[in-house]
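Visitor: If you read the protein sequences in the order shown, they are chains A and B. According to the numbering used here, the stretch in the first sequence is residues 1 to 280, in order. According to the numbering used here, the stretch in the second sequence is residues 281 to 584, in order.
Note that these hints are calculated values from the structure, not bench results. Be a bit skeptical, because a hint or two may be false.
In silico EDC-like links for lysine to aspartate or glutamate, alpha-carbon gap of 16 angstroms or less [as the list claims (entries may be wrong)]:
{"#": "1", "chain 1": "A", "residue 1": "Lys18", "chain 2": "B", "residue 2": "Asp413"}
{"#": "2", "chain 1": "A", "residue 1": "Lys18", "chain 2": "B", "residue 2": "Asp368"}
{"#": "3", "chain 1": "B", "residue 1": "Lys412", "chain 2": "A", "residue 2": "Glu14"}
{"#": "4", "chain 1": "B", "residue 1": "Lys410", "chain 2": "A", "residue 2": "Glu14"}
{"#": "5", "chain 1": "B", "residue 1": "Lys297", "chain 2": "A", "residue 2": "Glu14"}
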Amino acid sequence: MRGIFTISQLTIHEALRKRVLLAALVLGLAFLILFGVAFYFMNREVIESPRGPETQAQRALVYIFLTMAGLYAVNFLMVMMAALLPVDTLSGEIRSGAIQSLVTKPLRRSEIVLGKWLGFWVILAGYLLLMGGGVLLISRVVSNITPPNIAIGLGLMMLEATLLLTLSIAGGTRLSTLANGVLVFGLFGLAFIGGWIEQIGSLFQNETARYVGVIASLIVPSESLWQLAAYNMQPSLMRDMTLTPFSPASVPSGAMVVWAIGYTLVVLVFGVWSFRTRDL
Amino acid sequence: MSNAIETRSLRKEFGEKVAVANLTLTVQRGEVFGFLGPNGAGKTTSIKMLLGLVAPTNGDGTVLDAPLGNVAARAKIGFLPEHFRFQDWLSGREFLDLHGRLYGIASSKRKTSVEKLLARVDLYDAANRKLKDYSKGMLQRIGLAAALLNEPQLVFLDEPTSGLDPLGRLIVRDVINELRAQGTAVFLNSHLLSEVEITCDRVAFVKDGRVVRETSLHETSNVIDVELIVRNASPELLRDLSQFGKHVKQLNGTIHLETETDARIPELNRWLVARGMDVYKIGAAKPSLEKMFLDVMGEDARAG
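Please model the entire structure based on the sequences and the hints provided.
Guide: Given below as structure tokens:
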């Protein structure tokens, strides 16, 4: 365990020193400022416009929609961070030879993989708390509205980021940085398109399209996790408005969460095995 | 006491390419062992197998009594890689502290060791500079310090003097001598044969992935290399000279042969004069490691 914590600290330290976190933080704050300003003016429009929603319930739906739009952007940024941050961590150090100075220390190779994984996980968790928490706080302050089930929603978003992080780490044990990046984004793209095919298939009651989408979600369950998160963070009335981008027509089941957790664990175990058994 | 390194028929194949064919060698505790061979002879792959970076296809071995790749044994091993790329976003001091933590050295002891080693490799004044701002020689020296942090029983130095100026080389040579005095075994891979000759107790020559010769550099002091220049040396003369010594050959107009004692040189001189030969030079020298290297590797080891 000592080795895992040392490597995870090294990973966080490296992200800090290389100003990766600073860049993410500055851009994240810029996004939150933009979101806050937009939310403020939209709120004024909702309250003052004679054509705006009349009842409190209607207004709440608009606020939740805006909040979900913010969380959707946060989810996208999380996905980018999860895939990009670790894409070079193993493949780059293997290529440069820097990994030799770690592997020849009294550490198990599994501790190096798990340490890096943990370090990036902590960074992503912090980023989600900052960005997701920021969006929710702005929503609360400006409109006095908080979406339901935010713990479940943010938890599912974190699971999605964890899954992509794990894919990126595992891919880096065997692939070059470029190939690893192409693989992780390719898989994310597959899940994204598959998710939309499933939703469209459900809307138009086309079973074939729905099955294609489900299979894509089984191959990479990332998009399903976002859809389930979005479903949970909306009031029941809004969930029924299936035409909004955040109200899935086909709601992923709880089994998909179990699948995603199992999937992540299997990919992590594969990554450890792959790194342990390769020549360096 | 057991040996620092023992290998039996280690072999490594990468696909169809055989990088190391059959590596059987022994390195004793406390000795400085030179591992020599031309490029592509399998030296780096051999070191990687000994360090557990590469798994052998066949054969086995022990390092400090533990099987190859044993994690616990690495706490007693130091390693300076040839093409090292360290965490260059760290300062020299932070880098050594990190590697001390990776070795599991306690905080107080780590601090003392880091300061001592920074001074030892003459980097105390540059300790707070980032490694990315270090010259190649400075990186080599900080790498050497990192390899010594854990007070190792065995140190692998892969081309430790490459990129070093004469003062840097002197530091490396002194460090190796100190390690020998402390009873630490040193496994040295270097192309600088003059450095190897000065520092090593014993060397192994590797060719095509096998150890083709092992020799103690102290033992070779009994061999005398006789150099001879005469007018019109014929093939018959070269053949007849073999009565005075072994490995007779002519290189660039100079005849070389090995004898066991310099007492044969006056006798050889009289013999040549009696044959009516004009002798321009006759002399004796200890055979250099470079000559030994060329003898073992053959003339095809010469570039060009």
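Visitor: Against this structure, judge whether each hint is valid.
Guide: We went through each hint and held it up to the structure:
1. About 15 angstroms separates the Cα atoms of lysine 18(A) and aspartate 413(B), which keeps this hinted pair within 16 angstroms; it holds.
2. In summary, the hint linking lysine 18(A) to aspartate 368(B) is supported, as the alpha carbons are separated by about 10 angstroms, within the 16 angstroms threshold.
3. At most 16 angstroms may separate the alpha-carbon atoms for a hinted pair to count; lysine 412(B) and glutamate 14(A) meet this at roughly 14 angstroms.
4. Note on lysine 410(B) and glutamate 14(A): the hinted pairing holds, with a Cα-Cα distance of about 13 angstroms set against a maximum of 16 angstroms.
5. Using a Cα cut-off of 16 angstroms, the hinted pair lysine 297(B) and glutamate 14(A) is violated, with the two alpha carbons roughly 37 angstroms apart.
The structure does not agree with numbered hint 5 stated previously, though it agrees with all others.
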